[in-house]
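Undergrad: Position 42, counted from 1, in the sequence shown is what UniProt numbering calls 42; the numbers after and before it change by one each time, with no gaps.
Be aware that a few hints might be false.
[To be verified] Derived EDC-like pairs (lysine to aspartate or glutamate); straight-line CA-CA distance at most 16 Å:
#, residue 1, residue 2
1, K63, E81
2, K63, E49
3, K115, D90
4, K56, E69
5, K115, E10
6, K115, E69
FYI, nobody ran anything at the bench for these hints, they're computed from the structure.
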Amino acid sequence: MLRIPREIHEAVLEHAREGFPLEVCGILGGRGSEVLSHHRMTNTDQSNEHFMMDPKEQFALVKELRAAEQSMLVIYHSHPESPARPSQEDIRLALTPGVAHLIVSLMDQETPVAKAFTISEGTVAPVEIELF
1 MLRIPREIHE AVLEHAREGF PLEVCGILGG RGSEVLSHHR MTNTDQSNEH
51 FMMDPKEQFA LVKELRAAEQ SMLVIYHSHP ESPARPSQED IRLALTPGVA
101 HLIVSLMDQE TPVAKAFTIS EGTVAPVEIE LF
């Protein structure tokens, strides 16, 4: 289970809406299964079909999270025109062990759908999200 504060969940959805029609990406930090922080990242690909985080931003954020005694819990990105499930490319590029993947679908922009998954060695499993 992944515990996400409602305001962080809403901030992720807003980030996805703001970036439309391109994919957006970011990282959620925290401890255990509880998200404590939201960090927008730059999608260097500037694409509506895939994303790549800026490596310098990502490295700096990992240092920042460590200093705050947090770890990277979630990598999130949006799917502007497809469902909230990992694409084959998402599965292939899921190389960070122990991190959940949150995907926001904007197929219905008025009611975005966010779902979380673990992805390990090509195997995808859903992760329950509890908003608080």
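Undergrad: Now look at each hint and say whether the structure bears it out.
TA: Hints, verified against the model:
1. K63 x E81: 33 Å, violated
2. K63 x E49: It is violated: about 29 Å lies between the C-alpha atoms, which goes past 16 Å.
3. K115 x D90: 14 Å, holds
4. K56 x E69: 20 Å, violated
5. K115 x E10: Within the cut-off at roughly 13 Å; holds.
6. K115 x E69: Between K115 and E69 the Cα gap is close to 26 Å, so the pair fails against 16 Å, i.e. violated.
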